[in-house]
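These protein sequence lines map, in sequence, to chains A and B.
Residue 375 in our numbering sits at position 299 of the first sequence, and the numbers go up by one each step.
Residue 1325 in our numbering sits at position 21 of the second sequence, and the numbers go up by one each step.
Just so you know, these hints were derived from the structure itself, not from any lab.
Mixed in with the good hints there might be a few duds.
[What the hints assert, rightly or not] Once the Cα atoms are required to be at most 30 Å apart in a straight line, the calculated DSS-like pairs of lysine-lysine come out as:
1. Lys-88(A) to Lys-1461(B)
2. Lys-386(A) to Lys-259(A)
3. Lys-528(A) to Lys-1307(B)
For reference, the chains in residue letters:
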Amino acid sequence: MPKDGGIGASTKRREDVRFLTGNGRYTDDINLRGQLHAHFLRSEVAHGRIRGLDTAAAAAMPGVVRIFTGADFAAIGGLPCGWQVTDRFGQPMQEPKHPVLADGKVRHVGDPIAVVVAETLEQARDAAEAIVVDIEELPAVIDMKAALAPDAPKVHEDLTSNLCYDWGFVEENREAVAEAFRKADHVVSLDLVNNRLVANPMEPRVAVGDYDPWNDMSTLYTTSQNPHVIRLLMGAFVLGIPEHRLRVVAPDVGGGFGSKIFHYAEEAFCTFAARALKRPVKWTSTRSEAFITDAHGRDHVTRIELALDKDHNFTALRTETLANMGAYLSTFSSSVPTWLHGTLMAGNYSTPLIYVNVKAVFTNTVPVDAYRGAGRPEATFQLERLIDKAARQLGVDPIELRRKNFIQPDQFPYQTPVAVVYDTGNYQATMDKLLQVADYSGLEARVAEAKKRGKLRGFGIIHYIEACGIAPSNLVGQLGARAGLYESATVRVNATGSISVFTGSHSHGQGHETTFAQVVAEMIGIDAGQVEIVHGDTQNTPMGMGTYGSRSLAVGGSALVKATNKIINKAKKIAAHLLEASEDDIELKDGKFSVAGTDKSVDWAGVTLAAYVPHNYPLESMEPGLEETAFYDPSNFTYPSGAYGCEVEVDPDTGKVEVVSFAAADDFGNIVNPMIVEGQVHGGLAQGIGQALLENCVYDENGQLLSGSFMDYAMPRADDVPFYRVDHSCNTPCTHNPLGVKGCGEAGAIGSPPAVVNAVIDALHRGGYTHVSHIDMPVSPARVWAAMHTK
Amino acid sequence: MAKVTMTVNGRAMSAEAEGRTLLSDFLRQGLGLTGTHVGCDTSQCGACTVHVDGLAVKSCSVLAMDVAGANVTTIEGMANADGSLSTLQQAFQDHHGLQCGFCTPGMVMSAAALLADTPKPTEAEVRHHLEGNICRCTGYHNIVKAVLAASGQDVGKVGIAAE
């Protein structure tokens, strides 16, 4: 049994008390003295040229302090893209400028044109209605194929076309893959869409800019997953403020799911305006505004093909994808369909030859960037749908086809043909576990029972892999990343033994204040209540790259372990001095330093007090104090994997799909807090089920967003999902980080969409609708019914 | 602008409001009670749920002036008198019924209203009742479990694989 509060314990979250009593402090809860309010006037058309902008009447309205337009930002940098992708011809991607406010053109509905700053929000809104904008509407490009037509209107006139890049991976394998397809005994192909989504964390984005002339310091309070990244991007690339004059604070943040990684115009605007007006400036997004300004996710259109030999071994895989970038390149947009997607196309399988082609396309839509899983859900969806189709086409069991082609347990470490090396895994074990958790042996009886009720019941199975713990800096640097992806921690031991940990990771629901404390408490052997975790403020935390891609424990936790080990090493030296023993003989157990083989000991607080009150201390050889910082740069990604099984019932009269049970068997390596891990899986599953059945971000042909509110965009609700059965007992610990952890944040959202769709197809086949080989997501009643009745 | 007074969490409180001021904004801006959250602008998400004269309402769909004089309870008023978590709040912590915490105040207020009317709800009743509260983090599993547990029901087998 793990010690309560230590590694492996389902310790209750310390964060919860403030959240359950209304004492959380989210960005919108921050109101500064003398604060002004910003309201953004946004484009109502998808594509247009601003012929005139008359702000005179608005400027004269009550409470208006100033109106900003694109002209105010003419000398200011654009919002940068953090990843330069090189195309398959060796050329850099086309990279348009992304101005803070529109610079003469608007390129999507929601593109900001002007901002009214006023004493109250109501006054700012009222005045914005008095701004006269004269826009010459231009033809919009919404559909990706149409955007690539030679005569398509260009989103950016200074680019040669709407093609951001044409990426091939592994480009050298292109011909070998083609040859493998020519030689194949079987070829299975599938055209599919990975539907466009909106992340929709429940807290809308907020930015509060502040400026203090006393020390020439700008402060931005923002709803961010990575305050240091925002400080670097905004300070160095947009506003030209050096880091020591810029503080970024991300306090309690109400969910992110990727959409709060990126540097947004409103952050730069509020910081800039506060400096210009010498007063705090606040902007709070409405949900409607969030739909047209938060980066969207997914939106891939793919053809995938699998080659098999006569024994049904996978011999080659080939994909062609169009990936929507939207109107501008958001912070990590370019990396999502390429390095975060192509490198996962091997899945759990030993396919020897893989070629992935991705064309990234500019359209007059909101920018598209990372959303929970970012590229990996797209890869998994393609692969796991295709394998299911292959099994049906070949008349073999989909589970056995997967098992046959799995990378086998004795093949690790495994070099895939798409660059990455999986360190550990045991896919047969997770598959076995899943079948048990899902009660697979009882499936036929349940199908028969459902049939009596007039329902078509079906079971869908998948196996996924993801790459977490992004990332080795030297590797991603070679691939075009414009940032390092290490993480950091400072462990400050206080004189009486309590500990303040300052981490570059950020928690916006993941419970780091609890789990990080568990790690330190376990290592030193003290009560977790003695350890405080501080995050979210660039002023007091070391430079870190923030939280996304399940990197916090794998990378940030590793930095924490390194820093804590430095603390323990120094504390042992102090203990050796106090106990007049050799350092090599000092043992640390349960917060007590003992001399091996004796009864001599000093407790943790005795050592920490000596460090800060060094009356009896080896000052000639060691500095006083007990504070250490460590940076950790991973040597590889981590590779969580797992098997998911979804059981659905389809109502043949309406096409409505109900998820009646969902089982998951994940391999996350070692686990610090099982309760939190299970919660992460639950949340991911709901998001994936949402994508599969409900959610869809839809534009009309003119670029108007049709799904612009929770009335039109179907978020999963409590009665859309079942209780989930999750298991994480199949552990193959990560071999290259000190905790042996892999990460669990995205798994549910990666594995569940293909599991749901596979289950629907299975239900339809069992019901006699054997002509249905695929239904695009969201698998709505209308689509299911149409598929059933269209041959 | 006019002065609006109401009893909030047992105390008479006043602030200035415009005719268009929503109860949610009145609580947050006027009274500084930021525990009530605003997650949408179409009355869909339920993060702003409070109790007005004992009924759960979405405070973004009520004008402050319309409820002048009413008895309002917000998340700040839900703990026990000694400051400890109420049974429902404690169940949310015990069963990990919250992650980012943003929807949580609305979930607690909504669930409290359910349990006041239906002391022993079924799973289906809980799910149906919470249909007006969106959570993006938890997948609802642990929220439903927490509400069932708060009603005194055994949730030990929830999410456990079939034998």
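Margin query: If you test the structure against every hint from before, which numbers come out violated?
Written below: Of the numbered hints given earlier, the structure breaks just one, which is hint 3.
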